Every structure is written in C-alpha cells, then in structure tokens.
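*Asks:* Sequence:
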Amino acid sequence: MPESPLYPLIFTDLDGTLLDHNSYSAKPADVLIRRIIDQSMGTVIPITSKTRAELRSLQNSIAIGETISVTENGSVIYVPPDYPLGQTSDPQVVLLGTGYAEILDRIAGLPKTLRQHIRGFADMSAAEVSDATGLGTDESMLAKEREASEPFLWSGSDEALEQLRSVMADANIRIQRGGRFCHFTGHATKEQAMALIKTSFIEQKTDYEVVSIALGDGPNDLGMIEAADFGTIMPNPAGITIRSSKLHVRTAPAPGPEGWVMAISEIFAELGIILSES
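Under my numbering, the first residue of the sequence shown is numbered 1, with each subsequent residue one higher.
It is possible that some hints are incorrect.
Using C-beta positions, here's what the derived DEER-type ranges look like [stated by the list, open to error]: (1) Asp-123 x Arg-243: 28 to 38 angstroms; (2) Ser-155 x Val-31: 37 to 47 angstroms; (3) Lys-246 x Thr-137: 40 to 50 angstroms; (4) Arg-243 x Val-31: 47 to 57 angstroms.
Just so you know, these hints were derived from the structure itself, not from any lab.
Small disclaimer: the values here were computed from a predicted structure and weren't measured.
Backbone N, C-alpha and C fix where the C-beta goes; we use that ideal spot for every residue, glycine too.
Throw the hints in and build the complete structure from the sequences for me.
*Replies:* Below, the structure written as structure tokens:
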C-alpha cells in the first residue's frame, strides 16, 4: 500500500522567529510562506503572545492572510470558515484559557494590599501602554484588545507576588513572569493548542499524514517545540538561546526570518517535500 502524502502544520512564533527582532519584517520568509500556501504544501499557523487584533494587522504583511491562529500564548484559537476544527461557514473563536472579563473580575476582587501593586493594561490608556512597552499608539490600542490574558506591571515585593500567585491560583488563574511584565492567564499553553489543532487536521485530512513543525525563540515556546514532530529553536541575536535535551529538537543556523527559511527548507528536504520555484 503506498504511503500517504505528508501534510506539514508549521506552528511559528512571531517576534524573533518569523519576524526580524529589530525591523519586524518577515522577509525573506514571506516568499517561502506564499509558495507553501499557493502550492497547498502545508498550513502556516501563527502561535504568539500577541492578541488576535494585533495579529490581524500583521497577517497581510507576513503573507499568511486569514488562517487558523493561536494568540495570547495558547489561550485563544481563531478558526476561519471551513477550516479543520471549525468546518462551518462562520469563523469561530475557541477559548482554551480563562476569559478576560473573568480575569478582570478576579483582579477587582483582590484585597487592596495586593491590588494596589498591580497596573494592568486595563488600567492604562493606549498612550500609557505605549510608554510602558515601546509600541506605537495604534499598536498599543490593538494590544489592549485582550480576550484571555492581562499583562501587568508589579510594584510590590517578591513575597507579596507569591501571595498574589496563591490567591489567583485558587481562582484557576496563574501568573507568568516575563522580562518587565507579569501576565495573568488561565492554564492554556501553546503545546495544548498545537495538539488540539493537529488532532483536528488528522481527523479532516484522512488521506494525508499530518506532521507538526514548531519554531520559537523564547522560554514560553519550549514546550511547543519539544512536543512537535520537528522542533526548531531560533537563536536570539543577543546570544541568549533556549536549550533542549530532546534529540528531535534542532537549532536554526540563523535568527529571525532568514533562519526560519533555512530551518523549514531543511525539514522539507528531510521529508521529501519539493516546492516548485514558481
């Protein structure tokens, strides 16, 4: 019996992975993405900490267009009409994490001794978000359109933060600590979203062998990278790179979109997937 043709799902982080760390350009990866999509050789799935509104403003510039996507670090899956997972004529939003309104309600209900040290995006104007993040005002407005997570600045002690973590855990909300911002989220992860999407594609594309490829550069990408059939760590231009002991995980030869193209081209060659040049 002949082997089924392969169908890759390419789960990709954006900043520092598909997008250049400084210019936020997807060149030259945008050309490869167009070839993959135009030749029906796979689906490219953004999986990012950005909001769905932020991603919508980027999709045309990175040549992906309207596609299934994962935002807010695994908490929200957007499913366009007629895609696997949805298979309806209407777009769908699948919430894996805790809804934004519930997160804000939990914050509002905190004792003053903890609440006074939290300054979240909901507490800030777009101009204040811009000052805090370095984003432009328009981008900050999109970053405020949240569905399942709340970034916040913390002005209290580490001891008080641990107390806050315990209180929020009772409400099934966790705190992820980043460089400058902490984040309130539910318990959804990028790897959970990836697994759900892959299972759905397997159920719908019964004539294909669906394989997952995951690329990312941050600690919040590592679980997804290690859970994929082909995981790729993208090096950081500053030299700070996440590491994995998993044998199937590789490191791209260069950062950003140039390294993205090299990594995907290498994996496609190993899989025997040939893209035409036109």
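*Asks:* Could you run down the list of hints and mark each one as holding or not?
*Replies:* Evaluated hints:
1. Asp-123 x Arg-243: 28 to 38 angstroms: At 36 angstroms between Cβs, range holds.
2. Ser-155 x Val-31: 37 to 47 angstroms: holds (45 angstroms)
3. Lys-246 x Thr-137: 40 to 50 angstroms: 41 angstroms Cβ-Cβ, so the 40 to 50 angstroms window holds.
4. Arg-243 x Val-31: 47 to 57 angstroms: Because 30 angstroms falls outside the window, the suggested range is violated.
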